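Asks: Dock chains H, W, P, U and S against chain R, hints included.
Protein chains: 6
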Amino acid sequence: MLLHLSTWPEVESYLTHRRAIILPIGSTEQHGPTGLIGTDIITAQAIAEEVGRRTDTLVGPGIPVGMAHHHMGFPGSMTLRPSTLIQVVRDYVVSLTAHGFRDVLFINGHGGNMSSLDAAFYEIYEQARLAHGEAAPPVRCEVCHWFLLPAVVALQRELYGDREGHHATPSEVAVTQHVYPKSIKIAHLDPNPGQADFFRDWRDFRDRFPDGRMGSDPSLATPKDGERFLHAAAAEIVARHGDFLNGV
Amino acid sequence: MLLHLSTWPEVESYLTHRRAIILPIGSTEQHGPTGLIGTDIITAQAIAEEVGRRTDTLVGPGIPVGMAHHHMGFPGSMTLRPSTLIQVVRDYVVSLTAHGFRDVLFINGHGGNMSSLDAAFYEIYEQARLAHGEAAPPVRCEVCHWFLLPAVVALQRELYGDREGHHATPSEVAVTQHVYPKSIKIAHLDPNPGQADFFRDWRDFRDRFPDGRMGSDPSLATPKDGERFLHAAAAEIVARHGDFLNGV
Amino acid sequence: MLLHLSTWPEVESYLTHRRAIILPIGSTEQHGPTGLIGTDIITAQAIAEEVGRRTDTLVGPGIPVGMAHHHMGFPGSMTLRPSTLIQVVRDYVVSLTAHGFRDVLFINGHGGNMSSLDAAFYEIYEQARLAHGEAAPPVRCEVCHWFLLPAVVALQRELYGDREGHHATPSEVAVTQHVYPKSIKIAHLDPNPGQADFFRDWRDFRDRFPDGRMGSDPSLATPKDGERFLHAAAAEIVARHGDFLNGV
Amino acid sequence: MLLHLSTWPEVESYLTHRRAIILPIGSTEQHGPTGLIGTDIITAQAIAEEVGRRTDTLVGPGIPVGMAHHHMGFPGSMTLRPSTLIQVVRDYVVSLTAHGFRDVLFINGHGGNMSSLDAAFYEIYEQARLAHGEAAPPVRCEVCHWFLLPAVVALQRELYGDREGHHATPSEVAVTQHVYPKSIKIAHLDPNPGQADFFRDWRDFRDRFPDGRMGSDPSLATPKDGERFLHAAAAEIVARHGDFLNGV
Amino acid sequence: MLLHLSTWPEVESYLTHRRAIILPIGSTEQHGPTGLIGTDIITAQAIAEEVGRRTDTLVGPGIPVGMAHHHMGFPGSMTLRPSTLIQVVRDYVVSLTAHGFRDVLFINGHGGNMSSLDAAFYEIYEQARLAHGEAAPPVRCEVCHWFLLPAVVALQRELYGDREGHHATPSEVAVTQHVYPKSIKIAHLDPNPGQADFFRDWRDFRDRFPDGRMGSDPSLATPKDGERFLHAAAAEIVARHGDFLNGV
Amino acid sequence: MLLHLSTWPEVESYLTHRRAIILPIGSTEQHGPTGLIGTDIITAQAIAEEVGRRTDTLVGPGIPVGMAHHHMGFPGSMTLRPSTLIQVVRDYVVSLTAHGFRDVLFINGHGGNMSSLDAAFYEIYEQARLAHGEAAPPVRCEVCHWFLLPAVVALQRELYGDREGHHATPSEVAVTQHVYPKSIKIAHLDPNPGQADFFRDWRDFRDRFPDGRMGSDPSLATPKDGERFLHAAAAEIVARHGDFLNGV
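Protein chains in written order, with the numbering used here: chain R, 8 to 255; chain H, 8 to 255; chain W, 8 to 255; chain P, 8 to 255; chain U, 8 to 255; chain S, 8 to 255.
For reference, chain R alone in the conformation it holds in the complex (with noise of 0.2 angstroms):
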């Protein structure tokens, strides 16, 4: 069920026995020379859908473009700084709980996020706690950046092993070929990317990574391993959250 393709009615007849709800968050950033500058919305949205039909989940609208300072160095991306993502994912949640929705499960698709979303549900919790102690009605935040999921590491290494590296890495790469098998790209690709662990600003990033990949190499990807990668991650987020998603 999702939730811009459902009327009211819909949803105040789901919230009579569902407090649950999946919110995809992802980026809009370089992937390197043959990935989607879209790779990181398109893959969490089509996971949260996948798990919302297996759990019959709500699934609500995307937060499309993410925290990607350091991809700023490379045309088209794109970024909200931490202080402004922090209060759209606030007023994602607080819109949400004063329907009486409790449970919000955000699947995030990009690393930059993870930190701004964590500051935000502190945020949340605490000007709830702030404004009405107590009385504060519950609210339940909860991310899985499916990327790290152990199901999907175990694929990745199974499938590409040192290739897969740590972005524009061709198991995201995979997905959105799965989503969108007419948006494959081809582009020459350095066989020796950018290696590096880490990096700070969006100079540093791309000096370390000239092409945008960290050492990755998204040749590997094919349509078929990114279905496999998207049921891979649905099956392991339905056990690992299927709980919460039914609020207990």
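Quick caveat, the hints were computed from the structure, so don't treat them as lab data.
None of the values given here were measured: they were computed from a predicted structure.
Here are the simulated distance ranges between beta carbons:
1) P:Asp204 with S:Arg61: 51 to 59 angstroms
2) H:Pro217 with R:Ser226: 51 to 59 angstroms
3) S:Pro217 with U:Arg60: 30 to 38 angstroms
4) U:Glu19 with S:Asp204: 24 to 32 angstroms
5) S:Pro188 with R:Arg60: 55 to 63 angstroms
6) S:Ala203 with P:Pro144: 55 to 63 angstroms
7) P:Asp204 with U:Asp197: 36 to 44 angstroms
8) P:Asp197 with W:His238: 41 to 49 angstroms
9) W:Asp214 with H:Glu165: 34 to 42 angstroms
10) W:His139 with P:Ala142: 44 to 52 angstroms
11) U:Glu19 with P:Pro144: 50 to 58 angstroms
12) R:Arg60 with W:His139: 32 to 40 angstroms
13) H:Ala142 with U:Glu19: 52 to 60 angstroms
Straight-line distance between alpha carbons at most 25 angstroms, and here's what the computed DSS-like set of lysine-lysine pairs gives:
14) U:Lys189 with S:Lys189
15) P:Lys231 with P:Lys189
16) H:Lys189 with R:Lys189
17) P:Lys189 with W:Lys189
18) P:Lys231 with P:Lys192
19) W:Lys189 with W:Lys231
Chain H is faced by these chain R residues, among others (derived, beta-carbon under 10 angstroms):
20) Leu12
21) Gly67
22) Ala75
23) Thr86
24) Asp98
25) Ala105
26) Gly219
We put the CB at the ideal spot given by N, CA and C, even for glycine.
Replies: Just chains H, W, P, U and S now, kept in the frame of chain R:
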């Protein structure tokens, strides 16, 4: 050309000859008993993509949740505070202009966003002036509220007359039926929906418009009408904003 | 009844039977070679006071500096950022509603304030909802842009035709001449002022409108005209907003 | 010379030889049973204009609503939060310095504004340092609290002795009587007003000072006294801040 | 009793009979060629702890970095913007009052913090009023600037006369020598330090006070003097604020 | 070298050959029946100073109150909102980099600070990019969470096994015992503390962990252990971050 389905080298190449980008902005809010909660972003996105196709202009990520305070009396509605929406619009625009984009056209599907968008443009301009004075790089923000375009209004009148109403209208519902024909909803519609021509806060809105419609009869909508609205809107946007998109 | 010339017991007494207040909002910005920099607050203030007299409604303090970014290319112009103006409007309104005022009518003399005012109203409503939910005390904010009132537009047309223009207009200058007859300014006016019907940032504005006028001929203004505008505006505001001011 | 009664070419001309501007700041708050709610802005405005006349300095728009939280227990009082007032002061100042003003003298009529004004000056200086470093254009902010000037205090003592008190004082009431002789109010005044010399929040203030006066006897005020205070204040401000206003 | 050396059950027990807490606030900024950069927090902390001992009052964590914009011309100085400091003070206070603390006494070692502290108190009170109205739990904030206490000023005069100066003074340096006898610094001191009695921004400060001292001769300081200042300050604070700390 | 015990000429001299600074960040929050409320800042401070000694690096002021919302159910706990903490970290860093510091290493004693710190670093980088673009001076922020260092974890396991737990752990308590041997607390400890491995808001935390401990047995702690943890942490930080501190 869609930003989320592009790579950074493709954007780099685009920027060698173009400086425009189109950004859809909508809302996630009730649209009556049969209208989709995502109506405003669905319509804005579809029209934006059509304009992008006709003008070879890049279309960036949407803003799916807008300022919809007044709809918060209906389950499933979400809202950003105006102060949050202003920061989001600002971050979108300043992310893009750093790469050399200069002309940003928002295609807006929701009346409630109008003032925050306009306020955001001046926040952007004023911050640029304060930070950089005359040296500030040029930025041009423009917005088109597609549902107010004369060609669209004429078609509303022709097809639906007074039963177009002001919210959850057959015209916008028709566009969503064209885009998502499998999500056409049927429900009993009170033949006398709320008719007031204004409202104040979320309580007042629900008092005046008990099922969320503002004087509209969305049962008149058809997917075919939706296609006509989509093309009427796109054609007029090209006529009105084509020069802007070409940097004139 | 003017708030600044009242005592608190007088306000206490007023609140036993009335819940409305009028707040003028203007701007401090260039109005061409002969228009006063305070034109927008002078006109809003005068009209607000006249409406107050006619309806026995309290008139509160004005907001003399508004959102006038686009005029910052001319010496003496001042502006609040939209984000600041929104907070100011919010603080004015929540100060008043705490005392039992409920109906707040802004009389606005400046187009640049429109979006910030509207955004501020929703910021106020949304913060009330978030803090207090259904228990939030009722607040009704309304705004009247006097220069757009049909009766005023009709008089503009009758007296000045096309030479009314869009900024530094003879109608607003006339009102200031009526209020401050000793401050009537004479200067050479280029017979062909800038004629564009839109503008973007402060640089763009000055490029299009080199002396600050937008197609207007303020030399047509007379104090007598000003008096007519003042009364035409006040009469129409009473007709349109009288019920609101009476709590209906 | 008053900014609101000037044109932009007049300001442009002024700026060829002067860089100073005077800004009145007051409050909209209870001043006891007979004091006007606008007392603090009325007095600040009158004194600012007199100083402007004596020194040929431009006087800009006032800030009519200040930080008056502690008076919110009395109907009609209004307040900005300190955080809002700081942004307003900042926007006033940075608007002006962009045109070439450098020396900004606030004439303050309200004790509650002191800390926000001082905080705002450092917010302005620090933001300039962060944005522009050593290249930041020079800005000089200064404030004069007229009611604390030695000449004023001496006159308070001479005319009223201990019955001057600390709020809703005969001296400030006298100035308003001089400016608005038709708005002189008469009411029964308890001969023993609240006498505490401090207070905390708005509840505490009303507990200590039941009718709003802090130990004052405003029945002593006369318009003639008001004229003396006005001139005593203006003369001393010229003596103390004249060099500053002349750019020394 | 020091909060950082207590356990939560000890605080719980304390709160059964006391509602006061002392918070030291200082600064991290240059104090001339021989003064420690931590002078203001060191002195505030030492005096706060002494007052805590004498009155059996809990002493909470300090605020080691204050508002010191004007010292930013000297390496090692740090500053919070006033807007940040206000939020920090707010968060400290509202954290504590949620547990039942009501009376919060700041002991301040730095003039630059005065206005932000005062503004913060009103921000706290006003937010409480807006959120909870008359039901807001009582909060009492107070501040003592130890270096302005009459007993301290008398001792400054007695020991150092005019050579006390206004910044990097022998009295504050003496207290740090008493607390950190191993960190007594020796350096050549120009016998004619900057003597101006005011300053504006950071550039202006360094221009007027080239080595950071404001007319002071810290070479006069001795650890023994420091001990006297510490006890003089503590004794007077107990005398002045003892009732407050006891909830009277 | 400690900033608060240094003079500005000493810092100036340091900056001729070094660009690094260490900043401890902790929290003020409950640490179970026997743990000190200041545990996290005490440990971070002690380790920071030890690292400073070993590497001749300047150690700046700590942040004693962090993000500890989840501990607010226990008296004496304090918290900054994430949004406040982000601004504090930003102000610390931009104060220092203006003097020529470039490499800022936070030594963090509290898990709740992680996300706000990371968010703050990107807020800093992004604001620098927006204000100065490629011309922005280089800033490098890094953080070390000492309690997660492999050498520390190994020692936790060796000394305490499963009884280390996750909050109010014997390892952190041991460090505070080493630093403050006179503040070792004894209290009855339930042998079965709360064992959940996660929590949400402050109510949920207290429900799961009734005495504040997360599965830990702090009675195992000894001052001697604390000394070992201190040196193990410092040695590993030097090994891991030594190059960073030397500007490599």
